[in-house]
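Peer 1: Here are the chains, one letter per residue:
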Amino acid sequence: MSEASRPRAWVALSQPLVCGGAVLLLCGAFFLAIGREPLSLLWLIAVSAFGDGYALSETLVKTAPILLCALATALPARVGLISVGAEGQLYFGALLGTGFVLMAFELPGYVLLPGMLVTAALAGAAWSAACAGLRAGLGVNETITTLLLNYVAALLVTWVVFGPWKDPLSQGWPATRDFPDAARLPTFFDSRVHLGLWLAIGGALALHVLMRRSRWGLELDVIRSNPRAAQGAGLNFGRHVMITMAIGGALAGIAGIIETSNIQGRLQSNISFGAGFSGFLVAWLARNDFLRIIPLSLLVGALLASGDGLQMLAGVPSSVSLVVQALLFVGVLLVNGWYASRRS
Amino acid sequence: MDGLDALGAFAISALRSATPLLLVMLGECLTQRTGVINLGVEGQMLVGAMVGYGATAASGNPWLGLAAGCAAGCALPSVHGLLVGGARANQFGSGLSVWMLGFGLSALLGSSLVGRQIAALPEIRIEALDGVPFLGPLVAGLTPTVLIALALVPVVGWWLYRTRTGLHWRATGEVPEAARSAGLSPARIRLNAILVGGLLSGFGGAALAVDYTRTWAEGMSAGRGLVAVGLVIVARWNPWLTLPAALLFGGAEALSLRLQAAGVTVSAHLLHTLPYLASIAVLTLTYVRSRDAGTPAALKAVMDR
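The listed protein sequences derive, respectively, from chains A and B. Just so it is clear: in the first sequence, position 82 is 82 by the working numbering, and no numbers are missing. Every number in the working numbering is 344 more than the matching position in the second sequence, counting from 1.
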């Protein structure tokens, strides 16, 4: 993981290729095992993710929340934290963001939209800061608390859409009333691709520059790699835990409210197709490098988008794309580990 | 006497809810003792539940179903063993991949099982206790998996603390270098621990589907595996303490069900947050009281990085 062990050129070239080959082999074996013809199914995945303008736009739509959640994982990882809470932060952001929309329903867009985004960001940050506070103050392992709070946040959303915020006009369907058009972010290319994608990419680039060039990035590196030296230099571990977790939570919260307002149009109990967990794995595959996170998020977004296409075109259940996603991570972790052990 | 009966009914309801969790915790406790944390138990539970339910539906024999669930739960984490042991991948990333794999596979292969009926495990009846306050309702609710799980607590405790292999496993988690120089293979011991943890989590999943809920649904473990990983810390990696820790979750779930049945107007969804919040609360208390005392050294290196 350290930058010191710089791979030689051929390794840098061959590693991604071997990774890709391993993942394709794993997926091929899996397709064979469930009685499908591997090559045609792989081709179908590629076509339904990138085949035409519509497919590409749906891929980008799925990429946005994954990218934001990957940032929410990678930033705390810079101080050595393992937060798996993006899913919960996303839900809680969607929850309170929706609350703001329902309260400010009639207000014009220039109040409604920023208010909604800020509320969601603060909500995600607060949800994340709860675990950060437990870690910084009492040393409670943040991986476990963030994981458990994911379920609590999802249950809270389920509660409001079945209960107090349920739209009486929606018959049996548990959801809030439809968001007003003023609460939707601008879209591009005549598709569902929204401003959130550009926010996410901009966030990734900004964090990349900050980590490389700013004093803050340097401080985080020192805390992670040498806690004792950090203490000697007067760097406050707890403060940086709170800041990185809160910023991460804010990004995930924004992902949640944008999915709710732009993609689903109302709050319902299933918001995210597991974007929080995909984001976690993307961040780990990218080794928390903010630049590498962007193409990897696109790749996983493509996989998930292709799931819908597969279901329609080939009658393949959507859970297949979940398995393929898992095989992607297994294959890459395996090959990366193999290369790392050869180097050392 | 009514009060005692209600207490007995509550106790058994907590125990039944705790049983799948207890089985997973016993396995994860052994795994973590050797210095490996496995978040994949959540997916292993799901695969164990799906295979256990499917095998019961196909064969008509719930015992066969439980055995099949154990086998499936044992097979899946070989991926974790390969990634963590062979490729030295990050344990949290690897565990999440296993979880996702288990979730996807069980949803895919289990879709035809939704709504199927299965045969029940035999009832346990002790007629002498019918009508006895507290004990009567307690025993009336007992099921075979509850008894097996309770029996496994002392077995695992004895095995870990009193046998030679148990000592080897603990040494692997505390001082792997010493274990290695004593001629042991920490890598092999950790792989074994991951597989045993898998077997017990598969059993836990099967107990959940075949005995406790008697249904199969996608994602039905609902975080129990992750709760188990957290509660193992609460139990300070001591198999004997897994029972009270599991009962904490079971008690919170039983309480939320009891409150609903009693017509409390609080939403069921809100009440369902209770077990998770209770787990976090007691985890926090554990950290306040004991900090890092008792954490296997190799595991501490993984968790604190």
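Treat the hints with care, since some could be wrong.
[What the hints assert, rightly or not] Anything over 12 Å on all C-beta distances counts as not near chain B; from chain A, calculated: (1) 109; (2) 135; (3) 274; (4) 281; (5) 287.
[Said to hold, decoys possible] Listed next, with one range per pair, are the computed distances between beta-carbon atoms: (6) B:456 - A:40: 42 to 50 Å; (7) A:137 - B:499: 53 to 61 Å; (8) B:641 - A:21: 48 to 56 Å; (9) A:47 - B:527: 39 to 47 Å; (10) B:645 - A:54: 42 to 50 Å; (11) B:584 - A:38: 47 to 55 Å; (12) B:463 - A:178: 23 to 31 Å.
[Said to hold, decoys possible] Computed far set for chain B versus chain A, every beta-carbon distance over 10 Å: (13) 352; (14) 408; (15) 431; (16) 432; (17) 452; (18) 502; (19) 570; (20) 605; (21) 606; (22) 641.
Simulated from the structure, these hints should not be mistaken for laboratory data. Where a beta carbon is used, it is the ideal one built from N, C-alpha and C, also for glycine.
Peer 1: Take the hints in turn and mark each one as holding or not.
Peer 2: Comparing the hints with the structure gives:
Non-interface status of residue 109 (chain A) relative to chain B is upheld: no Cβ of that chain comes within 12 Å, the nearest being about 32 Å off. A Cβ of chain B approaches the Cβ of residue 135 (chain A) within 12 Å, the least distance being about 9 Å, so the stated non-interface status is violated. Here residue 274 (chain A) does not stay apart from chain B, with its beta-carbon only about 8 Å from theirs, under the 12 Å limit. Non-interface status of residue 281 (chain A) relative to chain B is broken: a Cβ of that chain comes within 12 Å, the nearest being about 6 Å off.
A Cβ of chain B approaches the Cβ of residue 287 (chain A) within 12 Å, the least distance being about 9 Å, so the stated non-interface status is violated. In this structure, residue 456 (chain B) and residue 40 (chain A) break the distance hint of 42 to 50 Å, their C-beta atoms being roughly 24 Å apart. One distance hint, 53 to 61 Å for the beta-carbon pair residue 137 (chain A) and residue 499 (chain B), is violated here, with the actual separation near 39 Å. Against the hinted window of 48 to 56 Å, the Cβ-Cβ separation of residue 641 (chain B) and residue 21 (chain A) comes to about 38 Å, which falls outside the hint.
For residue 47 (chain A) paired with residue 527 (chain B), a C-beta distance near 56 Å fails the hint of 39 to 47 Å. At about 49 Å, the CB distance of residue 645 (chain B) to residue 54 (chain A) agrees with the hint of 42 to 50 Å. In this structure the supplied range 47 to 55 Å holds for residue 584 (chain B) paired with residue 38 (chain A), their Cβ-Cβ distance being about 49 Å. At about 47 Å, the CB distance of residue 463 (chain B) to residue 178 (chain A) disagrees with the hint of 23 to 31 Å.
For residue 352 (chain B), the requirement that its beta carbon stay farther than 10 Å from each beta carbon of chain A is met, with the minimum near 29 Å. A cut-off of 10 Å between C-beta atoms confirms that residue 408 (chain B) is not in contact with chain A; the least separation is 23 Å. For residue 431 (chain B), the shortest C-beta to C-beta distance to chain A comes to about 2 Å, within the 10 Å cut-off, and the non-interface label is violated. Not every Cβ of chain A is farther than 10 Å from the Cβ of residue 432 (chain B); the closest lies at roughly 5 Å, contradicting the non-interface assignment.
Residue-level check failed: residue 452 (chain B) sits 4 Å from the nearest beta carbon of chain A, not beyond 10 Å. No Cβ of chain A approaches the Cβ of residue 502 (chain B) within 10 Å, the least distance being about 28 Å, so the stated non-interface status holds. Taking the minimum C-beta to C-beta distance to chain A, about 5 Å, the non-interface status of residue 570 (chain B) is violated against the 10 Å cut. The beta carbon of residue 605 (chain B) sits about 18 Å from the closest Cβ of chain A, which is more than 10 Å, so the claim that it is off the interface holds.
At roughly 18 Å, the least C-beta separation between residue 606 (chain B) and chain A is larger than 10 Å, which holds for a residue marked as non-interface. At roughly 16 Å from the closest C-beta of chain A, the C-beta of residue 641 (chain B) stays outside 10 Å, upholding its exclusion from the interface.
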